[in-house]
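Peer 1: Sequence:
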Amino acid sequence: MEETTTGHLRRAQDPARRSPPGPRSRGHRAWWVAAAAALAIVVAGSFSTMPGILQDPLQQEFHWSRGTIGVASSVNMVLYGLTAPFAAALMDRFGIRRVVVAALATVATGSLLTTVMVASWQFTLFWGFLVGLGTGSMAMAFGATVTNRWFTTRRGLVTGILSSGSVFGQMVFLPALSWTIDHYDWRPALVTLALAALAVAPIVWLVLRDHPADVGQRPYGSAEFVTKPDPVTGVARRTLLVLRDCARTRPFWLLAAMFAICGATTNGIMWTHFTPAAHDHGMAVTTASTLLALIGVFNVAGTIASGWLTDRRDSRRLLAVFFTLRGALLLLLPLMMAATVNPAMMVFVVAFGLLDLATVPPVIALCRSFYGEDSAIVFGWVNAAHQVGAALAALLGGVARDTFGSYDPVWSVLGAACAGAALVALLVRPAPASPVSLGKAHASRSRETVPTGAPGEGDRQEG
Numbered sequence: 020m021e022e023t024t025t026g027h028l029r030r031a032q033d034p035a036r037r038s039p040p041g042p043r044s045r046g047h048r049a050w051w052v053a054a055a056a057a058l059a060i061v062v063a064g065s066f067s068t069m070p071g072i073l074q075d076p077l078q079q080e081f082h083w084s085r086g087t088i089g090v091a092s093s094v095n096m097v098l099y100g101l102t103a104p105f106a107a108a109l110m111d112r113f114g115i116r117r118v119v120v121a122a123l124a125t126v127a128t129g130s131l132l133t134t135v136m137v138a139s140w141q142f143t144l145f146w147g148f149l150v151g152l153g154t155g156s157m158a159m160a161f162g163a164t165v166t167n168r169w170f171t172t173r174r175g176l177v178t179g180i181l182s183s184g185s186v187f188g189q190m191v192f193l194p195a196l197s198w199t200i201d202h203y204d205w206r207p208a209l210v211t212l213a214l215a216a217l218a219v220a221p222i223v224w225l226v227l228r229d230h231p232a233d234v235g236q237r238p239y240g241s242a243e244f245v246t247k248p249d250p251v252t253g254v255a256r257r258t259l260l261v262l263r264d265c266a267r268t269r270p271f272w273l274l275a276a277m278f279a280i281c282g283a284t285t286n287g288i289m290w291t292h293f294t295p296a297a298h299d300h301g302m303a304v305t306t307a308s309t310l311l312a313l314i315g316v317f318n319v320a321g322t323i324a325s326g327w328l329t330d331r332r333d334s335r336r337l338l339a340v341f342f343t344l345r346g347a348l349l350l351l352l353p354l355m356m357a358a359t360v361n362p363a364m365m366v367f368v369v370a371f372g373l374l375d376l377a378t379v380p381p382v383i384a385l386c387r388s389f390y391g392e393d394s395a396i397v398f399g400w401v402n403a404a405h406q407v408g409a410a411l412a413a414l415l416g417g418v419a420r421d422t423f424g425s426y427d428p429v430w431s432v433l434g435a436a437c438a439g440a441a442l443v444a445l446l447v448r449p450a451p452a453s454p455v456s457l458g459k460a461h462a463s464r465s466r467e468t469v470p471t472g473a474p475g476e477g478d479r480q481e482g
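The numbering of the sequence shown is the numbering used here, which starts it at 20 and goes up by one.
In short, the hints are calculated from the structure, not lab data.
Glycine residues also receive a C-beta, built at the ideal position from the N, C-alpha and C atoms.
Some hints could be false.
What the hints assert, rightly or not - Just the calculated beta-carbon pair ranges, DEER-fashion: (1) Ser241 x Trp198: 44 to 52 Å; (2) Gln141 x Arg331: 47 to 55 Å; (3) Ala138 x Asp299: 26 to 34 Å; (4) Gln141 x Asp233: 34 to 42 Å.
With the hints as extra help, turn the sequences into a complete structure.
Peer 2: The structure is reproduced here in structure tokens:
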């Protein structure tokens, strides 16, 4: 069996690694690792706030259209999604710490280079490519990798906490960045983000560890000590092989379709176009940015609550409810827009915040239940669909605004799309009792299908 296709095969380690851990400490290291991962995700999330508040300054200085600016945002979002599965595999090869620290250095470099750009193609290269590459390495697949390695219980809760970190970063940085742009310029705002990334890198290096065995502990909630697997070589090949195999299964395409709509209706449209749309109705940019930050406040609570519910309820039904409610809010949004903050807008902010990233824990749980040890990479590919949807919404939203002079048609189309996603969620059948390990399936093609009569029959299809 080739090592490049074995995924997470457990190999015997040295005697020290095989020895049971010592007495359990009062504070399990898993929570410190999760905290360090959350800090990196918070900083990565802060970068996603910039496209919305950069649109007016860049238009004024460079006279670029919103469609032109949207190209860089779209490239950023696509790379954010496409990088995630490869980053998950790179973490198996080189370790979580190295990949995350390199990612922080990349986003800092891209942010600093953006401050000296003079052409739109440079904005696409520096912000779209470099920042997209770096933030994609700290995407939700990173959180899934940490959760899978360090936690056996409380996975839904931890997934919710880490998923909310991205929006928490938006919440913390957005008002300050918007204020900085209003009072100084957009360049100091980008320098601030770069310094934040560089400041977090040494903390991540000191606290984050690749596996519980590195510190002689069991995964949180595990009754058994788990040895650390050997590094998996052939990162690109393994990632593509996992994609090839999961693409032969029905659940993957259903989850990808749902998550593409999720991306289009959250960061694709909201984090890129909500502020300009509110400004079209006469609202001050700073006020609109503050409302967006408030969405982030409630997003944290909603995502953590979703993680808690995911540990206890059917993930498919949760997704159907979340998408239905989100679609209704988007359809009603044009009626709530005004020059000043009104009660209806505050209801939208609270409700949309609770629902914004609530879809993430159930989708990660479904990936884990269907694909087992390769679920982080599979979720990375599902998240790539999320970012493709987000990129299309960011690009076409700007084009629609340039064409129709209003965002109203965009909210209607995306609201209807959420209704479709709710129906797709109910089409996902229950997961098999034994999750499919795609890495192992590479070496044994005879096990590519679920035996007739097994739970989840019909969800896997022959290639």
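Peer 1: Could you run down the list of hints and mark each one as holding or not?
Peer 2: Hint check:
In this structure the supplied range 44 to 52 Å holds for Ser241 paired with Trp198, their Cβ-Cβ distance being about 46 Å. Hint check: Gln141 to Arg331, Cβ distance near 49 Å, so the stated range 47 to 55 Å holds. About 27 Å separates the C-beta atoms of Ala138 and Asp299, a value consistent with the hinted range of 26 to 34 Å. Remark: the range hint 34 to 42 Å for Gln141 to Asp233 is upheld by a beta-carbon distance near 41 Å.
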